[in-house]
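Here is how the chains run, residue by residue.
Number of protein chains: 2
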Amino acid sequence: MPENRYVHGYSSRESERLADQAETLTSLLHNDTRFPAGSRVLEVGCGTGAQTIILARNSPGALITSVDISNDSLQRAEKMVRQEGITNVTFQQGDIFHLPVVLGSFDHIFVCFVLEHLAEPGLALLHLYPFLKDGGTITVIEGDHGSTFFHPENEDASLAVHCLVKLQQQTGGNALIGRQLYPLVRGAGYRNVHVSPRMVYIDASRPELVEGFTKLTFTAMVEGVGQEVLKQGMMNADSWARGIAALYRTAEPDGVFCYTFFKATARK
Amino acid sequence: MPENRYVHGYSSRESERLADQAETLTSLLHNDTRFPAGSRVLEVGCGTGAQTIILARNSPGALITSVDISNDSLQRAEKMVRQEGITNVTFQQGDIFHLPVVLGSFDHIFVCFVLEHLAEPGLALLHLYPFLKDGGTITVIEGDHGSTFFHPENEDASLAVHCLVKLQQQTGGNALIGRQLYPLVRGAGYRNVHVSPRMVYIDASRPELVEGFTKLTFTAMVEGVGQEVLKQGMMNADSWARGIAALYRTAEPDGVFCYTFFKATARK
Numbered sequence: 030m031p032e033n034r035y036v037h038g039y040s041s042r043e044s045e046r047l048a049d050q051a052e053t054l055t056s057l058l059h060n061d062t063r064f065p066a067g068s069r070v071l072e073v074g075c076g077t078g079a080q081t082i083i084l085a086r087n088s089p090g091a092l093i094t095s096v097d098i099s100n101d102s103l104q105r106a107e108k109m110v111r112q113e114g115i116t117n118v119t120f121q122q123g124d125i126f127h128l129p130v131v132l133g134s135f136d137h138i139f140v141c142f143v144l145e146h147l148a149e150p151g152l153a154l155l156h157l158y159p160f161l162k163d164g165g166t167i168t169v170i171e172g173d174h175g176s177t178f179f180h181p182e183n184e185d186a187s188l189a190v191h192c193l194v195k196l197q198q199q200t201g202g203n204a205l206i207g208r209q210l211y212p213l214v215r216g217a218g219y220r221n222v223h224v225s226p227r228m229v230y231i232d233a234s235r236p237e238l239v240e241g242f243t244k245l246t247f248t249a250m251v252e253g254v255g256q257e258v259l260k261q262g263m264m265n266a267d268s269w270a271r272g273i274a275a276l277y278r279t280a281e282p283d284g285v286f287c288y289t290f291f292k293a294t295a296r297k
Numbered sequence: 030m031p032e033n034r035y036v037h038g039y040s041s042r043e044s045e046r047l048a049d050q051a052e053t054l055t056s057l058l059h060n061d062t063r064f065p066a067g068s069r070v071l072e073v074g075c076g077t078g079a080q081t082i083i084l085a086r087n088s089p090g091a092l093i094t095s096v097d098i099s100n101d102s103l104q105r106a107e108k109m110v111r112q113e114g115i116t117n118v119t120f121q122q123g124d125i126f127h128l129p130v131v132l133g134s135f136d137h138i139f140v141c142f143v144l145e146h147l148a149e150p151g152l153a154l155l156h157l158y159p160f161l162k163d164g165g166t167i168t169v170i171e172g173d174h175g176s177t178f179f180h181p182e183n184e185d186a187s188l189a190v191h192c193l194v195k196l197q198q199q200t201g202g203n204a205l206i207g208r209q210l211y212p213l214v215r216g217a218g219y220r221n222v223h224v225s226p227r228m229v230y231i232d233a234s235r236p237e238l239v240e241g242f243t244k245l246t247f248t249a250m251v252e253g254v255g256q257e258v259l260k261q262g263m264m265n266a267d268s269w270a271r272g273i274a275a276l277y278r279t280a281e282p283d284g285v286f287c288y289t290f291f292k293a294t295a296r297k
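As given, the protein sequences belong to chains A and R, one line each in that order. The working numbering numbers the first residue of the first sequence as 30 and each following residue consecutively. The working numbering numbers the first residue of the second sequence as 30 and each following residue consecutively.
Just so you know, these hints were derived from the structure itself, not from any lab. By construction, the Cβ of each residue, glycine as well, lies at the ideal position given by its N, Cα and C atoms. Hints may be right or wrong, so weigh each one.
Unchecked claim - The following label-pair restraints were derived from C-beta to C-beta distances:
#1 A/Asn-265 x R/Pro-282: 37 to 45 Å
#2 A/Ser-187 x R/Gly-253: 24 to 32 Å
#3 A/Gly-123 x R/Lys-260: 58 to 66 Å
#4 A/Asp-124 x R/Glu-240: 39 to 47 Å
#5 R/Lys-195 x A/Ala-274: 23 to 31 Å
#6 R/Ser-225 x A/Lys-195: 28 to 36 Å
#7 A/Gly-90 x R/Glu-240: 42 to 50 Å
#8 R/Lys-260 x A/Ala-274: 37 to 45 Å
#9 A/Gly-123 x R/Ser-234: 31 to 39 Å
#10 A/Asp-124 x R/Glu-182: 25 to 33 Å
#11 R/Pro-89 x A/Glu-182: 35 to 43 Å
#12 A/Asn-87 x R/Asp-163: 40 to 48 Å
Claimed, not checked - Residues from chain R that face chain A, not an exhaustive set, calculated with beta carbons under 10 Å:
#13 His-180
#14 Gln-209
#15 Asp-283
Chain A with its partners taken away, still in its complex shape (with noise of 0.2 Å):
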């Protein structure tokens, strides 16, 4: 999920929101994704780590090369995977652009909300393509907090999510990226490129969602840039309390939120 950062992951809480993220997530997102034994699968932006161990599980006998450009993150995706008794993971740092890496020697690549912080997210797909082997698959996860609706409407929590997204543009990124994924992933010269939409639906039927996805993943995102909105003067500070206040309001019992990633896979 995007941050109005390039890196995530340089507190533990944001640590512990990414795995909390990633645990209520990971049927919706990656249950679809499994690399043969054998197979080598290069993951790129690993960050933390959070999707290196789900996919690590689903392809347990894949060999898998996760490359970031935080040494410090690196550090704490290797002593998370290391904990979980994880032995198919190889870590090496690098950046996307510049990978530690061999040409055309990859069976698969794996792009989890990373192209949402480039400036030049289809340069990057482009970048990468050489280093797959012929035939061999893309997977491209992102979200878009263009998607985000929910029930009661709110003015301010739309201003305030809204937020999100220009800080995103101050950085260089763009947190729409998630409905781009087919014209960008066509556009680098993949093949067979299909985009699925990932809708995060959440009533009150589903109290994991509730909290684990619209109080403690995407409102926490929001509350989270409340500092930066106030310093810049995006929103005064009782529009914005009200804001992060009707966020909350969309976790009662009557309340609903829906929020959108895309999945997009294509072929060399």
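We have chain A; now place chain R onto it with these hints.
Structure of chain R alone, referenced to chain A:
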């Protein structure tokens, strides 16, 4: 789909549009609605019969009673149903609050694109309850214009879509009702309420939906309220024209369009 009036189907162009739309969306919205042979089904607000045909085809053994407030719509619906050789539907004229049918006589009630037009949708659901046999089910399908998003983003296009929402409000309806189905159905006393979102996700790999939904259904529907929007001064003519052009722009090869319907099922 919402329109700026209570009763659909007065023009033949409108009737064609609804038929096109029903065809495109049939599988997404209706494939999991099958009523057993011999079961008695009440369709409330059948309009010109776009959904009636689908219902009757998918449940050929069910005995369907389709009710609408408009005699004109009923005549069109009856004509279409007869042309299709469908024999398991009976039409009756009546208002949702004054139904010409017997209490406790139905195994299933089906309500599609009706609640959006009502000032008191919860009351309508409450009113339908006693027409079900004990253990009978209700199925409710509604769209939600606030779920619309697309690429490329365009402010005029968003304003144009919002005009539909405001016009629906003026007539006492609610174009954002889809997201509210869970609390509405639950609040009317039904049990086992289950709501599932049905997103129409459209990119260039799905040309039938680009034509059938983005252009012929959604954008045509927005275009259809243009005169009223301009008359009321909700947008100026230039902004409106740019908005409509931007909606068509989402149907280009690099465009994407998303709209979500909601389907609720529940039991008496």
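Run through the hints listed earlier and report the numbers of any the structure violates, in increasing order.
none
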